[in-house]
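Participant: Chains as they are written, first to last, in this note's numbering: chain A, 8 to 390; chain B, 11 to 430; chain C, 972 to 1144; chain D, 171 to 281.
Simulated from the structure, these hints should not be mistaken for laboratory data. Hints are not guaranteed to be accurate.
Cut-off 27 Å, straight-line C-alpha distance, at most; resulting in silico cross-link-like pairs (DSSO-like, lysine-lysine) [what the hints assert, rightly or not]:
(1) A:233 <-> A:109
(2) A:168 <-> A:206
(3) C:1141 <-> B:409
(4) A:206 <-> A:194
(5) A:225 <-> A:264
(6) A:204 <-> A:225
(7) D:268 <-> C:1085
(8) C:1141 <-> B:405
(9) A:74 <-> A:57
(10) B:89 <-> A:57
(11) B:405 <-> A:57
(12) D:268 <-> C:999
(13) A:317 <-> A:164
(14) A:164 <-> A:206
(15) C:999 <-> A:57
(16) A:206 <-> D:268
(17) A:204 <-> A:233
(18) A:168 <-> A:317
(19) B:89 <-> B:103
(20) A:264 <-> A:74
(21) C:1063 <-> B:103
(22) A:264 <-> A:57
(23) C:1087 <-> C:999
(24) A:233 <-> A:197
(25) B:409 <-> A:225
(26) A:194 <-> A:164
(27) B:93 <-> A:225
(28) B:93 <-> B:103
(29) B:61 <-> B:89
(30) B:61 <-> B:93
(31) A:256 <-> A:204
(32) A:264 <-> A:251
(33) D:268 <-> C:1087
(34) A:206 <-> B:89
(35) A:57 <-> A:197
(36) A:109 <-> A:264
(37) A:197 <-> A:256
(38) A:194 <-> A:225
(39) A:251 <-> A:204
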Amino acid sequence: MTDPRTLSPLELENPDKTYLDANELIINMGPQHPATHGVLRVILRLDGEKVLGLECVIGYLHRGVEKIAENRTYTMFNPYVDRMDYVAAVSNGLGYCEAVEKLLSVEAPPRAQYIRVILTELNRIASHQLWLGTHALDIGAITPLFYTFRDREEILKIFEKYCGARLTTHAFRIGGLQYEAYEGFEKDVKNFVSFVKPKIDEYEELLTTNRIWLERTKGVGVISGKDCIALGVTGPVLRASGVKWDIRKALPYANYKNFDFEVPIGTNGDTYDRYIVRMIEMRQSLRIIEQAVGGIPEGPIMAKVPKVMKPPVGEVYHSIEAPKGELGYFIVSDGSTQPYRVRVRPPSFVNLQALDLMCRNQLVADVIAVIGTLDIVLGEVDR
Amino acid sequence: MHVIIDYIQSYLGSDQTPGAAGNWFWATVYVLLVFVGLSVAVIAMNWLERKILAHMQVRLGPMRVGPHGLLQPIADALKLLLKEDLIPSEADKTVFWIAPFIVVLAAFTVFVVVPFGPTHAITDMNIGILFMLGVSSLSVLGIVTAGWASNSHYPLIGALRSSAQMVSYEVAMGLAVVSVILMTSLNPTGTGTLSMIGIVRAQQAQGTWFIFKFFPLGLIGFFIFAVAMVAETNRAPFDLPEAESELTAGFHTEYSGFRWSLFFLAEYSAMIAVSSIAVTLWLGGWLRPFPNALQGARWDFFFALFPGITFLFLGALAIFSASRMPKHPYFRIQTLGLAGFAAVLVLIGAVLLYPPVSRVVQDVFWFSAKVAAFMYLYIWYRGTFPRYRFDQLMKVGWKVLLPTGLAVLILTATAGFFVR
Amino acid sequence: MAPVATPFFFYLLAATMIIGGVLVITRKNAVHSALALITALLAQAGIYLMLYAPFVAGVQIILYAGGIMVLFLFVIMLISIERTEKERQFNKQWLVGIATAGALGGLFIAVYTKGKSLFPEGRLSYPESGNTQGVADLLYGQHTGTYMFSFEIASLLLLVAIIGAVVMAKKRI
Amino acid sequence: MDAMLHISTLHYLVLGAALFLLGVIGVLTRRNIVIVLMSIELILNAVNLNLVAFSRYWQGIHGATALHGQVFAIFVITDAAAEAAVGLGILIAFFRNKETVNVDEVNLLKW
C-alpha cells in the first residue's frame, strides 16, 4: 500500500522560497474556511496547485465528551452523545443506548426496536442529504444544497413531532424509548417516503450525469479497499472501494436482520463511487423504513431497567453503522453509577486519516472535494 | 422648447454615430447615457440574479427591503459605501488602490464601440471588435495586480489562476471572432470589416444572422465564443479565480467596502460587454427578428409594438404582485411602492407604444433583449453547473475550444471561398 | 473618427509616455515599473490613433498591454522576492551608461535640429477609413502583398519563441 | 509657438527619441533583469512610434495605401512578443538556478 505517512509540511517550511519553487508553498486552509465543514484546519504543501502532502490540525471543537462521561451517570451522559455527530444525533444515541444495554444485559422491546430503526434510518437519509448538499456546494454546484435542505426539513419535522427536538434529538433511552410514537407517526413516515423518493431522483438528475460533476469526481481521491482497511476507514468510503462491510449486515444490531436491504458497493473507490454509494444507501434506507413502518408491533416501549443503573463490572464494545461509518462505544464499568471510561470510535475521526493519502498528487480543488466526500463532522472528530 | 425638439429630431434623423460625426455634445450625452444605463443594468442584474437564482433553488431571495426586495441592491450599495475601507498593512498600498480602477475602467471603456442601434453608439471605430477584445483583456491586469498587491496566498493563487485562464480563453475567443470577420467579407465588394456597426450591417446585407451562416459553422463558432466569454468574465462554471469554496474569494479576498463593489461592478459590466459582443457578432445586434423575411409596413408596426408591450407586461406583473401583497397595515407602504413601480412601468410602456418613440427605441430594445437573454443564461449556468477544476479548465480551453475554433475558421474560409 | 484637438492630446499623451518611461526605469518595485510601462503603452496606442493608425493601436492594446505585459506581471509574481528591493538598484557602470545615453541624446538633437527641413511641417490629413484593409492588403493582398513572405517568417519566429519559452521555463520536459 | 501647436512628424520623432533614450538608460543602468527587459520594450516602442510616424509622412507623399511603416510596426510588435516570451523563459530558468534577478550576477557563461 502507499505510504500513508505525512511529510509534515510544517517541518519542511522554508520561508525564503517563493512561488516559483512552488514545492515550498505552504497554504493554511482553515480553521475559518468555507469548505472545511466547520473548524478543520488543513495545512497544504503545494507544488503550484498540486498537493504534495497535507496535515490536518484538529481539536478546535474539542469539548472533552469522553471525559465528561466519567462524571455523569449512564443516563445523564445520553444527551451528550448527540453533540458529537450533530447531523446524525439519532444514530449516536442508538449506539450508546445499545452499548449500555449490552452492559446491562437487557434488550429493548420489539416495538421500541422498530421505532428506533425507523428513526435511525430517517437520520441516515438526513445526514446523507446534508452531505450531498454541502459536497455539491464545495464542488461549485450551489443548487442541490437548497433541494436537500428542503427535503431534510421534512425529516426534522418528524423528529420534532416525535421528541420535540430537531437536531440534538435525544430520542432513545437506555432500555427502549421514553416516548410512544405520536398519533399519525406511521402516516407521516409513509408520506415522507413517498415524498422523498422522487426528490432523490431530482438530486441525481442535477448531478449524476452532469459532465462537470463527472470530471470533478471521477478518479478524484481514489483509495483502495486495502488502504481503507489498513487505515480503519469505514462506512460509505470503505464500501465505495469495493469492500462489502456494513455492520447492519455483518454484525446485526437492533433488529436489522428482520429487514431486507442491499449494501451497495463501488468499484473504483473514487469520489464519484462514494457519491453513488450514498445515493443508493438513501434509497435502501427508504426500503428499510417502508418495511419497518408497516410492521411496527404493539407492545411496551421500555424494557425493565433499574432506575439507578449499576451495570456489573466489566467492559463492552458495541458498534453500529452510523451514516458516516462504524461508530463504536467502548464502555468500562466499575460497578458504580458512572462509567469508569467511555471511549468513542468516531467514524469521521478515523476516516479523516485517509485525507492525506487521498489527496496526494491531486490539485487543491480536489482537496475540497475529498474533504466533502469523506463526510466528516468536526463535532465528532474533535469530540 | 421647440428648438430643442427640432435639434433632437435632426440628430435622430442623422445616420452617423456622434463620435463619427465629431459631435462633442451628443458624444457626451451618449457617454452619460451609457454610464447611467450600465449602472442601472448592473443594479437590476444584481436584483434579478438573486431573485432568479433563489427561485431556481426553491427559496424566495430578498423580500424585506422594499416590496419583493426591489430596494435590496440600493441598500447593498449603501452598505458597501459606508463600510470601513480596509487595506491590509502588508499590502502594496498604491497598487492595491489602483487595481479596482483598472478593472472598472477596462469594463466601462469597452462600451465606447458597442452599437445599441445603427446610430446609437458612442462612436464607430474601424477597429471596433479589435478594440473591444483588447480593452476587455486589460481587466486581467487589474485582477492580477489586485491579487499581487494583497500580499496573501489565496489572492495570489486566484490572480495567477485568473490570468492564466483569461489569457487562454482569449485565444479561443479570438478565433471564433475571426471566423465572423471572415463572414463579413462575403459581400459583393469583398472587403470585410472590424467595425461593430459594419458587422451588423453585413448581417443585414447578407440576410442572415451569422449564427445561422454556413450552418452549423456559425453555430459552433458562436458556441465557442459563448463558452469562452463565461470563462473570460470569471463566472460559474469557470469561476475558479474567485472559487468560494477553494480560495475563499480569490483575488478580491482582501478587498472590502467600496473597492470590492468596484470589482462587483466591473464583473457585471464585463458580462454585459461580452454579451453585447456575442449579440453583435452572431445575433444581429440591434436587428429585429426576421428583418428580411417579414418586411413591410405592417410587420414593422407589429415589431415596433414589442418594447411597449414588454413594459406593459412587466407593469401588469407588478400590479398583480401588488394585489397579492398581505393586507396588513405593516405592508401598506410596500404595497403602495410596488403599485407606484407598476405605474411607472405602465407609463413607460405607454410612452413606448407611441409610434414615433417606438420607432426610435426599438433598435435599443432588441439589442437589450438579446443581451438580457445572455444575462439569464449566466444566472442559469450558475444555478446548474458545478465548478471546473483548473486543469480541466485549461484542457477545455486549449484542447477542445482552440482546435474546434481553428477548424471552424478554416472551414468558414473554405465555405466562403466556394460561395464567392 | 478624426482626431480632435490634436496638439492638446499629443502633449497629454506624450507627457504620459515620458513620465511612464521615467517611472519604468526608476521604480524599485518591478510591478510598479510594469504598471508604469502599461500606462506608457496605452498612451502610445492613443498616439497611434492620432497618427491614423487604428489597427496598430488595436494591436498595441491587445498584444502589448493585454498580452506581453500580463506575461511580465505573471513572471514578476513568480519570482518576486522582497530582497531585490533592498539591494542596490543600479549597476556599477551606471555613470558610463548615462554618459552613453547622453551622447546618443546629443546625436539625436544634432540630427533633428540639422535635419529639420527633411520633415515637412505639413498637417496631413487623410480619412482613416480602410486602414485595416490597407494593412491587410500589404500583408496578404493578391497583388499588393509585399510582406506575405515576411508574415509567414514572423509566424515561424513565434513558433520558435513558443518552443524556446517552453523549453526554458519548464522544470522537466 | 506655431511649431508647438502644429504637430508634425518631427514632434513624434522627438518623442520617439526621448523614449528611446529612457529605454537605453534603463538597459544600461538597472540591475533587475525584469526592468531591463521592460526597458527593451520601451526601446522597441520608440522605434514603433518612429515607424508609424514615418508611415504617416510616407502616406502624405504616396497616398493613403502606403502603410509600410505600420506593417513594420506590426512586425516589431510580433518580435517584441517573441522576445518577451523567450526572455522571460530564460529569466525563469536562470532564477530557478541562481535565485537572483540581477544582471551583474550573470557573469558566467553557464549555470
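Participant: Indicate, hint by hint, whether the structure satisfies it.
Facilitator: Hints, verified against the model:
1. A hinted pair counts as satisfied when its Cα atoms are at most 27 Å apart, and residue 233 of chain A with residue 109 of chain A does not qualify at roughly 31 Å.
2. At roughly 22 Å between alpha-carbon atoms, residue 168 of chain A and residue 206 of chain A fall within 27 Å of each other, so this suggested pair holds.
3. For a cut-off of 27 Å, the pair hint linking residue 1141 of chain C to residue 409 of chain B stands: about 20 Å separates their Cα positions.
4. Under the criterion of a C-alpha separation no larger than 27 Å, the hint pairing residue 206 of chain A with residue 194 of chain A is consistent with the structure, at around 19 Å.
5. A C-alpha spacing of about 34 Å is found between residue 225 of chain A and residue 264 of chain A, which places the hinted pair above 27 Å, so the restraint is violated.
6. Restraint check: the Cα-Cα separation between residue 204 of chain A and residue 225 of chain A comes to about 25 Å, which is no more than 27 Å; the hinted pair holds.
7. Between residue 268 of chain D and residue 1085 of chain C, the direct Cα distance comes to roughly 49 Å. Violation of the 27 Å bound is thereby established for this hinted pair.
8. Annotation: proposed proximity of residue 1141 of chain C to residue 405 of chain B holds, straight-line Cα distance about 18 Å (limit 27 Å).
9. Using a Cα cut-off of 27 Å, the hinted pair residue 74 of chain A and residue 57 of chain A is violated, with the two alpha carbons roughly 40 Å apart.
10. Between the alpha carbons of residue 89 of chain B and residue 57 of chain A the distance comes to roughly 39 Å, so the proposed pair goes past 27 Å and is violated.
11. At roughly 16 Å between alpha-carbon atoms, residue 405 of chain B and residue 57 of chain A fall within 27 Å of each other, so this suggested pair holds.
12. At most 27 Å may separate the alpha-carbon atoms for a hinted pair to count; residue 268 of chain D and residue 999 of chain C meet this at roughly 21 Å.
13. For the proposed pair residue 317 of chain A and residue 164 of chain A, the alpha carbon gap of about 36 Å is over 27 Å, so the pair is violated.
14. Restraint check for residue 164 of chain A and residue 206 of chain A: the C-alpha separation of about 17 Å stays at or below 27 Å, so the hint holds.
15. A threshold of 27 Å between alpha carbons decides the hint, and for residue 999 of chain C with residue 57 of chain A the separation of about 32 Å lies outside it, so the pair is violated.
16. Under the criterion of a C-alpha separation no larger than 27 Å, the hint pairing residue 206 of chain A with residue 268 of chain D is inconsistent with the structure, at around 60 Å.
17. For the proposed pair residue 204 of chain A and residue 233 of chain A, the alpha carbon gap of about 34 Å is over 27 Å, so the pair is violated.
18. For the hint linking residue 168 of chain A to residue 317 of chain A, the alpha-carbon distance of about 32 Å lies beyond 27 Å, and the restraint is violated.
19. Only pairs whose Cα atoms come within 27 Å are accepted, and residue 89 of chain B paired with residue 103 of chain B is accepted, the gap being roughly 23 Å.
20. The hinted pair formed by residue 264 of chain A and residue 74 of chain A fails the criterion: a straight-line CA distance of about 34 Å is larger than 27 Å.
21. With a CA separation close to 31 Å, the supplied pair residue 1063 of chain C and residue 103 of chain B exceeds the 27 Å bound.
22. The hinted pair formed by residue 264 of chain A and residue 57 of chain A fails the criterion: a straight-line CA distance of about 46 Å is larger than 27 Å.
23. Restraint check for residue 1087 of chain C and residue 999 of chain C: the C-alpha separation of about 38 Å exceeds 27 Å, so the hint is violated.
24. Restraint check for residue 233 of chain A and residue 197 of chain A: not satisfied, since their Cα atoms lie roughly 40 Å apart, outside the 27 Å limit.
25. Only pairs whose Cα atoms come within 27 Å are accepted, and residue 409 of chain B paired with residue 225 of chain A is accepted, the gap being roughly 19 Å.
26. With a CA separation close to 13 Å, the supplied pair residue 194 of chain A and residue 164 of chain A stays within the 27 Å bound.
27. For the given pair, residue 93 of chain B sits about 43 Å from residue 225 of chain A by alpha-carbon distance, which is inconsistent with the 27 Å threshold.
28. Between the alpha carbons of residue 93 of chain B and residue 103 of chain B the distance comes to roughly 18 Å, so the proposed pair stays at or under 27 Å and holds.
29. A threshold of 27 Å between alpha carbons decides the hint, and for residue 61 of chain B with residue 89 of chain B the separation of about 20 Å falls inside it, so the pair holds.
30. Restraint check: the Cα-Cα separation between residue 61 of chain B and residue 93 of chain B comes to about 24 Å, which is no more than 27 Å; the hinted pair holds.
31. For the hint linking residue 256 of chain A to residue 204 of chain A, the alpha-carbon distance of about 24 Å falls within 27 Å, and the restraint holds.
32. Of the pairs offered as hints, the one joining residue 264 of chain A and residue 251 of chain A holds, with about 16 Å between alpha carbons and a cut-off of 27 Å not exceeded.
33. Proximity of residue 268 of chain D to residue 1087 of chain C is assessed by CA-CA distance (about 49 Å); at most 27 Å being required, the pair is judged violated.
34. The hinted pair formed by residue 206 of chain A and residue 89 of chain B fails the criterion: a straight-line CA distance of about 38 Å is larger than 27 Å.
35. Among the hinted pairs, residue 57 of chain A with residue 197 of chain A is inconsistent with the structure: their alpha-carbon atoms are about 48 Å apart, more than 27 Å.
36. Of the supplied pair hints, the one linking residue 109 of chain A and residue 264 of chain A holds, its CA atoms being roughly 18 Å apart against a limit of 27 Å.
37. The straight-line distance between the Cα atoms of residue 197 of chain A and residue 256 of chain A is roughly 24 Å, inside the 27 Å bound, and the hint therefore holds.
38. For the hint linking residue 194 of chain A to residue 225 of chain A, the alpha-carbon distance of about 40 Å lies beyond 27 Å, and the restraint is violated.
39. For the suggested pair residue 251 of chain A and residue 204 of chain A, the alpha carbons sit about 25 Å apart, so the restraint of at most 27 Å is met.
Going through the hint list in order, the structure does not satisfy hints 1, 5, 7, 9, 10, 13, 15, 16, 17, 18, 20, 21, 22, 23, 24, 27, 33, 34, 35, 38.
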